[in-house]
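For the record, the sequence lines run as chains A and Z. Heads up, the final residue of the first sequence is numbered 313 in this note's numbering, and it's a clean run with no missing numbers. Heads up, the final residue of the second sequence is numbered 439 in this note's numbering, and it's a clean run with no missing numbers.
Hints were generated in silico from the structure; no laboratory data involved. The C-beta atom is built at its ideal place from N, Cα and C for all residues, glycine as well. Be a bit skeptical, because a hint or two may be false.
Said to hold, decoys possible - Below, a list of computed lysine-lysine pairs in the DSS-like style, where the Cα atoms sit at most 25 Å apart:
#, chain 1, residue 1, chain 2, residue 2
1, A, K151, A, K111
2, A, K7, Z, K286
3, Z, K331, A, K180
4, Z, K331, A, K111
5, A, K151, A, K180
6, A, K111, Z, K263
As the list claims (entries may be wrong) - Not everything, but these chain Z residues come out facing chain A in the computed CB check (under 7 Å):
#, residue
7, I56
8, P57
9, E212
10, L217
11, A284
12, F288
As the list claims (entries may be wrong) - Sample of chain A residues lacking proximity to chain Z, with all beta carbon distances greater than 12 Å (derived):
#, residue
13, F152
14, N185
15, P191
16, E200
17, Q242
18, V271
19, G280
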Amino acid sequence: MSLLSHKHMLGLRDYSEQDITIILDTAERMREILDRPVKKVPTLRGVTVVNLFFESSTRTRTSFELAEKRLSADTLNFSASGSAVEKGETLLDTARNIEAMRIDVVVMRHKSPGSPHFLARHLDSIIVNAGDGRHEHPTQALLDMLTLREKFGTLKGLRVCLVGDILHSRVAMSNIVGLKTMGANVVLCGPATLIPRGIERFGVEITHSLDDAIQHCDALNILRIQLERQQSGLFPSLREYQKYFGLTRERLDKAPNPLTVLHPGPINRGVEITSDVADGEHSVILRQVTNGVAVRMAVLYLLAGGRAEPESK
Amino acid sequence: MKSSSMNPKYASIDHPAPARSIYFEGARLIDPRSGIDQAAGLLIRDGLISVNPQQIPEGTDRFDLRGHWITPGWFDLHVHLREPGREVAETIVSGCHAAMAGGFTGVACMPNTDPPLDNAGLVGWVRDQAKGLPIDVHVIAAATRERKGKELVDMSELVEAGVRAFTDDGSPIRSSAVLRHAMEYANMLGARIFEHAEDSELVQGGAMNESEWSTSLGLPGMPAIGETIDVVRCILISEYTGAAIHLCHVSTKESVHWIREAKRRGIRVTAEVCPHHLLLNDSACKEFDTNFKMNPPLRAEADRLACIEGFRDGTLDVYCTDHAPHPWESKAQEFDVAPFGVVGLETAMGIALTHFVPTMMDLNTLLERVVYAPRAILAQPVPSLVSGAPANLTLIDPDATMTVDPATFRSRSRNTAFAGWPLKGKAMGVVNRGLAYIA
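Kindly generate the complete structure, drawing on both the sequences and the hints.
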């Protein structure tokens, strides 16, 4: 039985402050496991997890797979390329076939928003959303929050600015929902064409000036700019984007207090962030990656691991 | 309903019986255009009505309809029968059975079939399929060849074949020049253009209404102005040319506003509204259930309320279903991939009698929207309950209760937005074309 109030991790929209706190606290303990010489516990022994990735992903998929292995789960990887999906098989049929193999947990990445919800309606397995289109990417937001909490001690009252393509970002939506639930203030910064309609209803502030945002925030979470957005007319040129919304050392140095810089990756160096910032002292980007494994271990443990405590140090 | 000489042949929807001689006793006859609202006996003999007849011929099938209503036959101005091309979703016959079960005696079917209904041969073929059923099937022919929006169809020939309206429904006519010419040419023939009002580029790729809900769900949005811009374009062209235009499935507050304003100025515009846009808003999509995916999409609450007001005051002339069948496997997909559309023929009456009459409008006003206005738009004769008139009527049990169960639908498809809804008021049968179906 799950320690959380939900069977699945479909998104952070329905997760309470208590649920998120449990996940972050558990992730801190999981992170300790990662620092041990033998980085493996038997917590999910006998549990079978399939990583069902319909979209290519290096970072998230590797992170989940590593988390599963650290917890001793049996893992199975599935990718759309070269699969029956390319032969026209539906998502439902694919999922049913996989479930017929007696899978316990499905970690799913898919380009369609709501596809994990769709699976949850049709399968008995535990579903973990590893990114559904532009909807949500809950474990990414959780690892961002873990990283911020580690840095600042608390999320309450923190001012976090998400910068860039909010419209197409699943990372943004999960961050907005999660951070607001945890009592943080959220500022969105980007070109008007990349700010989705009605987003102000989520209690966020909106600015189109990164320089302004830098003056008033504690942390910047820089989102990746997908280069094809320029072709679809959402902004005039990468050069203009970089000039007005790119995070540079010069811009960062104008902050009244030291800012923490996050980025979910992969980075377009020189576009949304320059290398000296991405690799500089304010950056916690690599810490995010480490925390990602810990968060995913925590989520899998809490959803599929029953009430047993993870092995302590 | 009790039959004093119960005749099982009327109970089979698949085999409607010849209505040579039937007597309905004690029903409330309601025909506001003829000024009729009374409890009376109604005899149908050789397809003609006789109210409170002096004699009832021997061998007449008698039905006790006390507590029931009889109205002129209901008409659905906007349905998709899918045939030819997508018979797995619906056929003309299965769609007509759904219409009969829903209490309709006539439907207008849209031409976005495969191939599209853009020539007189296909139009005649469609009509032939419904022979032997008490359903008038009016074909709204394609406005442009293959619905490609480039060249007008042979409108004169199609009008000669009985067509009274043209549309590229499913898509708008994107070129304003083509739309203008289609309207002018149809107007010359006494026909009119139906427009699926949409700016294709503004709504391209969208899966639901653009709002805080689409943002929350991460689904690509279809902005309300994507519809309203085309509504305004149609109104302007109608005013400029003097040709009539009919706007399909109106869903936005601003569309209602501009249609009301156009009517006030005397522009020849008519419009229709669907039950789902009157009863649901875009929050219904929150669980990614594709039974709430339609085009135009479910809009914001303010749009819904404006549609209700427009429906009530007659800005929106017609109540129709946009009956859009899809097989379950098409809808059992990811929300952004699944096709648009919901069925509606078998729930429209229950929805109307439960939710609109009498709280929103009286029954006479509803009949205006579902009996008279749709036929006027198609220049069809209006049925009446006057003695001597052809029997074209709908039998209603206003007190029957039901829970919407898609498994019982006569349609080949089950994609309803109203599954599980409790409804009060149900069609008990139809009589038309010398045929009767009585449940």
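Right, here's what the structure says about each hint:
Proposed proximity of K151 of chain A and K111 of chain A is contradicted: the alpha carbons are some 32 Å apart, above 25 Å. Using a Cα cut-off of 25 Å, the hinted pair K7 of chain A and K286 of chain Z holds, with the two alpha carbons roughly 18 Å apart. Proximity of K331 of chain Z to K180 of chain A is assessed by CA-CA distance (about 34 Å); at most 25 Å being required, the pair is judged violated. The straight-line distance between the Cα atoms of K331 of chain Z and K111 of chain A is roughly 17 Å, inside the 25 Å bound, and the hint therefore holds.
As the CA atoms of K151 of chain A and K180 of chain A are separated by approximately 18 Å, the hinted pair is consistent with the 25 Å bound. Distance restraint check for K111 of chain A and K263 of chain Z: the Cα-Cα separation of roughly 45 Å exceeds the 25 Å cut-off, and the hinted pair is therefore not satisfied. The interface hint given for I56 of chain Z is broken, as the beta carbon of that residue sits about 56 Å from the closest beta carbon of chain A, more than 7 Å. Of the supplied interface hints, the one on P57 of chain Z is violated, with its beta-carbon coming no nearer than about 58 Å to a beta-carbon of chain A, more than 7 Å.
Nearest Cβ of chain A to the Cβ of E212 of chain Z: about 3 Å, under the 7 Å cut. The hint holds. Given the 7 Å rule on beta carbons, the hint for L217 of chain Z holds: about 6 Å separates it from the nearest Cβ of chain A. The interface hint given for A284 of chain Z is broken, as the beta carbon of that residue sits about 13 Å from the closest beta carbon of chain A, more than 7 Å. This hint holds: F288 of chain Z has a C-beta 3 Å from the nearest C-beta of chain A, less than the 7 Å allowed.
Interface exclusion of F152 of chain A from chain Z stands, the closest Cβ pair being 27 Å apart, more than 12 Å. Chain Z leaves N185 of chain A outside its interface by the beta-carbon criterion, the shortest separation being 19 Å against a cut-off of 12 Å. A cut-off of 12 Å between C-beta atoms confirms that P191 of chain A is not in contact with chain Z; the least separation is 16 Å. A beta-carbon of chain Z comes within 12 Å of the beta-carbon of E200 of chain A; the shortest separation is about 8 Å.
The claim that Q242 of chain A is not at the interface with chain Z holds, since no C-beta of that chain comes within 12 Å of its own (minimum 26 Å). Listed as outside the interface, V271 of chain A is consistent with that label: its C-beta sits roughly 23 Å from the nearest C-beta of chain Z, beyond the 12 Å cut-off. Residue placement check: G280 of chain A keeps its beta carbon more than 12 Å from all beta carbons of chain Z (closest about 32 Å).
Hint compliance for this structure: hints 1, 3, 6, 7, 8, 11 and 16 are not met, and every other hint is.
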